[in-house]
Amino acid sequence: MILSDLLTAKVFDDAGVRLGRVIDGRFALDGRPEAEASLAQARLVGLLVSPHSRGSYLGYERRDLNAPWPIAKLERWRHRGSFLVLWEDLHSIDDDGVHLRAGFTRHDIRLG
Amino acid sequence: MSGKGSGSLADQATGKSSANLSILGVALGILTAIGGFVDIGDLVTNAVVGSRFGLSLVWVTVLGVVGICIFAQISGRVAAVSGRATFEIIRERLGPRASLLNLLASFFINLMTLTAEVGGVALALQLASSVHYLAWVPVAGFAVWLVVWRVKFKILENVTGLLGLTLIVFAVCLFLLNPDWNHLFNQATRPAVPEGEAPATYWYYAVALFGAAMTPYEVFFFSSGAVEEKWTVKDLSQSRLNVLVGFPLGGFLSVAIAACAAVVLLPAGIGVTSLSQVVLPVAEAGGKLALAFVIVGVLAATFGAALETTLSSGYTLSQFFGWSWGKFRRPVRAARFHLVMILCLLVGMGVLATGVDPIKVTEYSVVFSAVALPLTYIPILIVANDPDYMGRHVNGRLLNFTALVFMVIILLAALAAIPLMLLSGAGA
Amino acid sequence: MTSAGKMFDAVMHLLDRQVLDVDKMPVTVVDDVELSDIPSGRIPPGTPAPVITNLLAGSVLGTRMFGGRPPSSRLNRIRWRHVAELGTALRLNIRGDQLDVLWTERWVRNRIIGRIPGGRHDPE
Numbered sequence: 155m156i157l158s159d160l161l162t163a164k165v166f167d168d169a170g171v172r173l174g175r176v177i178d179g180r181f182a183l184d185g186r187p188e189a190e191a192s193l194a195q196a197r198l199v200g201l202l203v204s205p206h207s208r209g210s211y212l213g214y215e216r217r218d219l220n221a222p223w224p225i226a227k228l229e230r231w232r233h234r235g236s237f238l239v240l241w242e243d244l245h246s247i248d249d250d251g252v253h254l255r256a257g258f259t260r261h262d263i264r265l266g
Numbered sequence: 061m062s063g064k065g066s067g068s069l070a071d072q073a074t075g076k077s078s079a080n081l082s083i084l085g086v087a088l089g090i091l092t093a094i095g096g097f098v099d100i101g102d103l104v105t106n107a108v109v110g111s112r113f114g115l116s117l118v119w120v121t122v123l124g125v126v127g128i129c130i131f132a133q134i135s136g137r138v139a140a141v142s143g144r145a146t147f148e149i150i151r152e153r154l155g156p157r158a159s160l161l162n163l164l165a166s167f168f169i170n171l172m173t174l175t176a177e178v179g180g181v182a183l184a185l186q187l188a189s190s191v192h193y194l195a196w197v198p199v200a201g202f203a204v205w206l207v208v209w210r211v212k213f214k215i216l217e218n219v220t221g222l223l224g225l226t227l228i229v230f231a232v233c234l235f236l237l238n239p240d241w242n243h244l245f246n247q248a249t250r251p252a253v254p255e256g257e258a259p260a261t262y263w264y265y266a267v268a269l270f271g272a273a274m275t276p277y278e279v280f281f282f283s284s285g286a287v288e289e290k291w292t293v294k295d296l297s298q299s300r301l302n303v304l305v306g307f308p309l310g311g312f313l314s315v316a317i318a319a320c321a322a323v324v325l326l327p328a329g330i331g332v333t334s335l336s337q338v339v340l341p342v343a344e345a346g347g348k349l350a351l352a353f354v355i356v357g358v359l360a361a362t363f364g365a366a367l368e369t370t371l372s373s374g375y376t377l378s379q380f381f382g383w384s385w386g387k388f389r390r391p392v393r394a395a396r397f398h399l400v401m402i403l404c405l406l407v408g409m410g411v412l413a414t415g416v417d418p419i420k421v422t423e424y425s426v427v428f429s430a431v432a433l434p435l436t437y438i439p440i441l442i443v444a445n446d447p448d449y450m451g452r453h454v455n456g457r458l459l460n461f462t463a464l465v466f467m468v469i470i471l472l473a474a475l476a477a478i479p480l481m482l483l484s485g486a487g488a
Numbered sequence: 455m456t457s458a459g460k461m462f463d464a465v466m467h468l469l470d471r472q473v474l475d476v477d478k479m480p481v482t483v484v485d486d487v488e489l490s491d492i493p494s495g496r497i498p499p500g501t502p503a504p505v506i507t508n509l510l511a512g513s514v515l516g517t518r519m520f521g522g523r524p525p526s527s528r529l530n531r532i533r534w535r536h537v538a539e540l541g542t543a544l545r546l547n548i549r550g551d552q553l554d555v556l557w558t559e560r561w562v563r564n565r566i567i568g569r570i571p572g573g574r575h576d577p578e
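These protein sequence lines map, in sequence, to chains A, B and C.
If you count by this note's numbering, then the first sequence holds residues 155 to 266, one letter each, in order.
If you count by this note's numbering, then the second sequence holds residues 61 to 488, one letter each, in order.
If you count by this note's numbering, then the third sequence holds residues 455 to 578, one letter each, in order.
Chain A on its own, in the form it takes in the complex (with noise of 0.2 Å):
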């Protein structure tokens, strides 16, 4: 699987609801390294659920950053409502795109 076939999946709740779409995957650096000078294995902790736009590169909604303030203004409000969904609250992927398993927790979208 390459990362590109999960952006700008459309997300749907178990009840077939959709929620908006995938524009970024998190990812946590904690696996064992595969070689000595080698960087910790990446392992996805979760998508990033934008309910009103498909794309973003700027991150101004994950992160503190209010300058230049209508870039980042204009950033927020493009996603607004956006959420973390966890791995593990994935129930299916498939072509119409992803499904959350019934239950699911909407987390806070900023980076840690």
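Don't take each hint at face value.
[Said to hold, decoys possible] Only pairs whose alpha carbons sit at most 30 Å apart, straight line, appear in this in silico DSBU-like list of lysine-lysine: (1) C:K478 <-> B:K294; (2) C:K460 <-> A:K164; (3) C:K460 <-> C:K478; (4) B:K290 <-> C:K478; (5) A:K227 <-> A:K164; (6) B:K290 <-> B:K214; (7) B:K214 <-> B:K294; (8) B:K290 <-> B:K348; (9) B:K212 <-> B:K294; (10) B:K290 <-> B:K212; (11) C:K478 <-> B:K214; (12) C:K460 <-> A:K227; (13) C:K460 <-> B:K212.
Hints were generated in silico from the structure; no laboratory data involved.
Given the coordinates of chain A, assemble chains B and C onto it according to the supplied hints.
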């Protein structure tokens, strides 16, 4: 997440920022910035505007100079702190689709400017030799390639910049012409659309003059040059001084070109359609010696800008695709970068060989520069505020405020350019 | 960023960034990344999350922009274990010469640029 690249570079910078300044270095940097500011776009646009509108558009040059100071300063700092040049940043921050459109537009306009500059070199050689410029085009193109291929970055930048200083002869000749200073001053301080000119034409040339002062290639070149010369945060005070002193003095040269045209060409009703008309006031005021100086200056300015645009064509494409680039590497260590530059020079020479008027190409290139400006300006402004790249060297509040005011001006100029071009019949 | 346990977002922090080799020579831009396989269709609870296996470059850029995807055999891969550092650029722990991604660079060097006089010397 603090980017490791930015973090480690920013850490080196603590404290000793002024230790790196030497008087000679400062002087050289400033002189190079003055001479390097003027290119064929500035020469032609200022002369055209001076001959038609007097000094009533000087405010645009002032605006453009302030704008390029802000823009060059920000992009130089981003390059020095993060080690990332302009088009790498555009690709990262806009994603592949938007940045590809951006690349196509920027690359095309840069190619147009490159063609105009090589044409300018050939026209200057025609002035010096009376041999038709088309015969000089292959010579000019080959010379540009040879310098890009073999000469060190620092040398090519300094030599063309210093020789370009001979354009000061425009300012000297303005004094020799003994103009009515009050009249000129009034034109400059109380701008109005002259009788017989349509408002759309006035504003069309306002956009053109703005584009001539703030050409995007200057920023590609400036930020990539910072990487070429391996700037760190320590070099920032030097670069700020070069920009903040050098560019305004370069802008002063631009105004002198316009003023000479306003004093000699406007009253005589001579429109500027060729390079010989641009330098006509100098010949009239200063005779053969002044003419010799101005030809050297035009040659250096256009040759320097031809080098910069050729390099910029390689920089933009290589940075978008992540290829190895830079003059600090041997050509074989940046093969695709050098191939792109060779091909672009061949295209530019090919376009000129069709007999298209280089002055016309120049006039269009400055207007399209204004159209493309937001494409580079906005991503750079965003990254200059991003601590992941900049650490503690993010933009301050005052700079951000000024930069935002300019963002609005740049967007207005970009949006107005094409409608004004159609309304005014491209300034006819 | 290199420290263990750090979180990052792939589009924001990884895609479209410059990749440098161990000698800081530019290699490519990260055009996409490949993940370890997950079950198609329903994902049984407790399935381990996928990890990044390869950085991808080359033809995959076109499909990322305009849709579709190249066949897996055509992908230009850089293995994740060859990544040493993640910052405003990615650093590899190997030399770029060993990578397939750079075949066009090598071709242009050997066939064109290297044959022009002066191409193998430092500028003066």
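With a cut-off of 30 Å on the C-alpha distance, tell me whether C:K478 and B:K214 pass.
holds, 22 Å
If you draw a straight line from the CA of B:K290 to the CA of B:K212, is it 30 Å or shorter?
holds, 14 Å
Tell me if the straight-line CA distance from B:K290 to C:K478 falls inside 30 Å.
holds, 13 Å
Quick one, are A:K227 and A:K164 close enough, alpha carbons at most 30 Å?
holds, 25 Å
When you check the alpha-carbon spacing of C:K460 and C:K478, does it fall within 30 Å?
holds, 24 Å
Does the structure keep B:K212 and B:K294 at a Cα separation of 30 Å or less?
holds, 22 Å
Does B:K348 lie within 30 Å of B:K290 when you go C-alpha to C-alpha?
It is violated: about 43 Å lies between the C-alpha atoms, which goes past 30 Å.
Quickly compare the C-alpha distance for C:K460 and B:K212 to 30 Å and report which way the hint goes.
violated, 42 Å
CA of C:K460 to CA of A:K227, is that 30 Å or under?
holds, 27 Å
Is C:K460 close enough to A:K164, meaning Cα to Cα at most 30 Å?
Since the Cα atoms of C:K460 and A:K164 sit roughly 27 Å apart, the hinted pair holds (cutoff 30 Å).
Mind checking the alpha carbons of B:K290 and B:K214 for me, to see if they're no more than 30 Å apart?
holds, 11 Å
Taking 30 Å as the top limit, are the C-alpha atoms of C:K478 and B:K294 close enough?
holds, 21 Å
Going down the numbered hints, you'll see the structure goes against 8, 13, while the others check out.
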